[in-house]
Amino acid sequence: MANHWETVIGLEVHAQLSTKSKLFSSSGTTFGRAPNTLVDVVNLGLPGVLPVLNKEAVKMAIQAGIGLNCTIHPQSQFDRKHYFYPDLPKGYQITQFAQPYATAGYLDIAIGGSETKRIRINRIHMEEDAGKNVHDSCALGSRSVIDFNRAGTPLIEIVSEPDLSSSQEVVSYLKSLRQILRYLGVCDGNMQEGSFRCDVNISVRKHGKKELGTRTELKNINSFKFIQQATEYEVERQIYLLEAKEVIVQETRLWDSTKQQTRSMRSKEDAHDYRYFPDPDLPILNVSLEQIENLRNNLPELPNKKKERFLSDFKLSEYDATVLTEEPEVATFFEEILNHHRNPKLAANWLMNELLRDAKETPLHQLKFGAKELAELLALIDSEVISGKIGKEVLGILKEEGGSPNRIVESRGLKQVANSDELKPILEEIIARHPQQASDYRGGKTKLIGFFVGQIMKETQGKANPKLVNKILKELLG
Amino acid sequence: MVDILEQSLEAACQQIRCGAITSLALVSACLEKVQDTKDSGCFLHVSESSAIQAATQSDQRHKNRAPKSILDGVPIGLKDIFITRDAPTTCASRLLEGYIPPYDSTIVAKLREAGAIILGKLNMDEFAMGSSNEFSAYQPVRNPHNPDKVAGGSSGGSAAAVANHSVFAALGTDTGGSIRQPAAFCGTVGLKPTYGRVSRFGMIAFASSLDQAGPLTRTVRDNAIILQAIAGYDDKDSSSVEQSVPDYLEGIEQGVQNLRVGIPREYFEESLPSAMAQALAKTKKSLEEQGAELIDISLPHSEYGIATYYLLATAEASSNLARFDGVRYGNRVGGDDDLHAMYQNTRSAGFGPEVKRRIMLGTYALSAGYYDAYYLKAQKVRTLICQDFRDAFSQVDVILTPTTPTTAFGMGEQLNDPLAMYLSDIFTVNVNLAGLPAMALPIGFDEDNLPLSCQLIGRPWDESTLLGVARSIEKYGGGSI
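Chains as they are written, first to last, in the working numbering: chain A, 1 to 478; chain B, 1 to 481.
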């Protein structure tokens, strides 16, 4: 039954721009500060105050627009959107309604294998965030208080066309969008802190039908997993209702992650008349074509470009290139290793196997050492000063204490023993101690060479050069 | 004591500078005058102790021969729409009764910087909405020339306090005539600068695209001195413009030789009271005698001004006043744990009838389905009105009109007829719609001893020409008080 139905999804993403100060005033934007410490007379909406546009926010917004292949408009305008709510200090939000700064973009998303799908972006506009109402209960009863730290924080809202048709596509779009914004350095993409929020507009229709079905909107879901679950639930709910010949109510719904279902928040009948009109406090925003071109020419490398370059320049595998370009921090770290020691395959292996595995607990920027130190370590391995095994030991020390790999190897005497005059007597003694194994080897059980290697490694604490050990052993046992 | 208050601000400045008088003496005399004229209702707050303290400091600076500016030590008044960090700022509203803001408006900061003494906060129509000052939530302002007449509005307290010599100058704001109309009713000089000339930061907004602050004084030269102190770009106000500020006293005495003065026929069609018509005729004649050329001009869209203005101004006001919700400041009237009841109670109790009327009008004009027919249409007409003035200024240097259709009307006369009240702005609103500078200037008295006034309208940024023409009229034509 369900495959008679086609799902139509459009997304509205609110991304917080990584500016130091707010969109229209000078107070800071750091997350997690004590309530109402990042406020000033302007973003508290005191009588008499006026907004002044943050130029850095405009720059970042335009970079995002360029990165998402939009037309950037040299003229755009700020409007006031009115509603009463305690966390909205002025009784209106400053946003761009009639003339957004960017329109008609697109984003190509991966949809399995090497296939991509183009999702059109309708528009991007700048706007200010609201504060946060906090309802708390204490011994004295319950009360509502407001934290205005977030009020006035710059956001861009990225509105897609209804081009998505599954929960997987939704997640792929969001991941790819978030990755691009992070690469551009315009949004940290932190979903828990609310710097990257998503509203999902969902409707279903019979296959082949032109007109869209009635849609519902899922609001403010803060993880990819929940977005996927909520979308899947909502699609099924709508199909179920339609097959039962019931009507879909146009409404906003919330995802209840405990009950694993969506529930109604408000219907369209409660919708506000926002009474939009151009904000008379703010002149038309003019951005010169030259400025736009300048930003375009200096745009940081985007993830897909970087991946292509990793494939062609470093001859990495598709998988390695994908993993290493997923996060801008990782890609930068990788390239920095190569700046100091150019062995892409080795660097990729060590970065992916030894560092990214723990990246959840210890992100790269929290390590006690940098890409330069890792490069130094890889150079020691490549030049056979130490073995890979000792390399891991050194890495363990770096993780614990930091420091320089050269000095660690030096001071702890971890250098390989690659001198046959030193190794030969030790091996002769080992063979003498194990006559049975020696004669078995000579009798054809050549696999036993591993036994002798193990013995000498034990004796040298792993420092014996394995190649040389093999060579000497073959001579002595031959 | 009182005679030192009779002189102009400029003369008072000179006397302080040469040591003939102290700032403290001036402040004391003004405070005494404020007390004597208490019934006029000019002041909402008198900053007695801070004014005396500031005067003492000013006198010390003069003694050290290090005054901050020409204005150092002179007492002035502020319309209660300007944010002051040391005095209550109420906008003559119950909603903001007792509200002391945590910052200074740019204008106030500039005046303090210049050493001017802020004597107190002056009465006005609530949130600058009104043309008679009867819509103050506290008390009306009485006309200094006849207590049964209104002082005009909304800057009625400013005009009356200057006219009754409580202060040497006052700051007002003008959205549709709120400086010029009360200046006309009270017989003072009032100037509304070009939109963007003076910072709006810290001036409680009524209609953001129209509001502009300006001086009310007893003489034209005094007006130039105050304008000099407050004009200039402010990076805290995105609508202020980076335009160089000339020396306004330089050239103010140059006369009107060869100046082309436009007489727009639409402004003289209304049947003006005969004394006013005569005074305007005399003013025109005087300008001609001084070498100016009078040119008949037309501003064809003038008649749409009032409708356009009251649509745009109320739309912006309905938005600007949304912040007065009782949440963060002002007087909250609770709602038994119901948020919407709290909003409703606070705004019902806090706003007076005219403010409520305009919020309703403006909300309607911006509503979905009405926006195009009202707000957008009004914006289009505004463009036509601007174009009228541009065309006119290709032929003339300045435009002369009456300031108001009548002299000061009686207290209570128009209180229940909002439309009649709105029409008293008929000659002033177009100037705000076009963002132009304009002045109201006394030109004598009528048979009932009520002041008569003419309005001069200038090119954008050309306050200098306005002041020069006004000075000529003051010297040879009009009858300054």
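You may find that some hints are simply not true.
[As the list claims (entries may be wrong)] Some chain A residues judged to face chain B by a derived CB distance under 10 Å, without partners named:
1) F24
2) A34
3) P51
4) D273
5) L355
6) L356
7) A359
8) F369
[To be verified] Below, in silico cross-link-like pairs of lysine-lysine (PhoX-like), each with a Cα-Cα straight-line distance of 25 Å or less:
9) A:K59 <-> B:K236
10) A:K81 <-> B:K282
11) A:K81 <-> B:K380
12) A:K415 <-> A:K445
[As the list claims (entries may be wrong)] Pair ranges (Cβ atoms, derived):
13) A:S144 <-> B:G410: 47 to 57 Å
14) B:G410 <-> A:E56: 56 to 66 Å
15) A:Y83 <-> B:E250: 50 to 60 Å
16) B:S367 <-> A:S144: 23 to 33 Å
17) B:L419 <-> A:G32: 48 to 58 Å
18) A:S144 <-> B:R94: 18 to 28 Å
19) B:I263 <-> A:Q291: 45 to 55 Å
20) A:G32 <-> B:G335: 31 to 41 Å
21) A:T258 <-> B:S367: 47 to 57 Å
22) B:E303 <-> A:K55: 47 to 57 Å
23) B:R17 <-> A:G32: 28 to 38 Å
24) A:E161 <-> B:Q139: 22 to 32 Å
25) A:E56 <-> B:Q35: 49 to 59 Å
Simulated from the structure, these hints should not be mistaken for lab results. The structure presented is a predicted model; accordingly, all values stated were derived computationally and were not measured. Here a beta-carbon is modelled for each residue, glycine too, at the ideal position from N, C-alpha and C.
* Lying within 28 to 38 Å: is that true of the beta-carbon distance R17 (chain B) to G32 (chain A)? -> 56 Å, violated
* To do: Using the beta carbons of E303 (chain B) and K55 (chain A), state whether their distance is inside 47 to 57 Å or not.
  => Once the Cβ atoms are compared, 43 Å apart, the range 47 to 57 Å for K55 (chain A) and E303 (chain B) is violated.
* Asked: Do the numbers back the hint for A359 (chain A), that is, is its least Cβ distance to chain B under 10 Å?
  -> 43 Å, violated
* To do: For the range 56 to 66 Å, tell me whether the beta carbons of G410 (chain B) and E56 (chain A) fit it or not.
  => 57 Å, holds
* To do: For the range 45 to 55 Å, tell me whether the beta carbons of I263 (chain B) and Q291 (chain A) fit it or not.
  => Distance hint for I263 (chain B), Q291 (chain A) holds at roughly 47 Å.
* Asked: Okay, S144 (chain A) versus R94 (chain B) on CB: inside 18 to 28 Å?
  -> 25 Å, holds
* Asked: Holds or violated: is there a CB of chain B closer than 10 Å to the CB of D273 (chain A)?
  -> 5 Å, holds
* Classify the hint on F369 (chain A) as holds or violated, based on whether any CB of chain B lies nearer than 10 Å to its CB. => 45 Å, violated
* Verify the proposed pairing of K415 (chain A) with K445 (chain A), using a straight-line Cα cut of 25 Å. => 31 Å, violated
* Could you check the hint for me, namely that Y83 (chain A) and E250 (chain B) are 50 to 60 Å apart, CB to CB? => With a Cβ separation near 51 Å, Y83 (chain A) and E250 (chain B) satisfy 50 to 60 Å, so the hint holds.
* Asked: Against chain B, is L355 (chain A) within 10 Å by beta-carbon distance?
  -> 47 Å, violated
* To do: Could you check the hint for me, namely that E56 (chain A) and Q35 (chain B) are 49 to 59 Å apart, CB to CB?
  => Holds, since E56 (chain A) and Q35 (chain B) (Cβ atoms, about 53 Å apart) stay within the stated range.
Checked against the numbered hints given earlier, the structure breaks hints 2, 5, 6, 7, 8, 10, 12, 21, 22, 23, 24 and satisfies all the rest.
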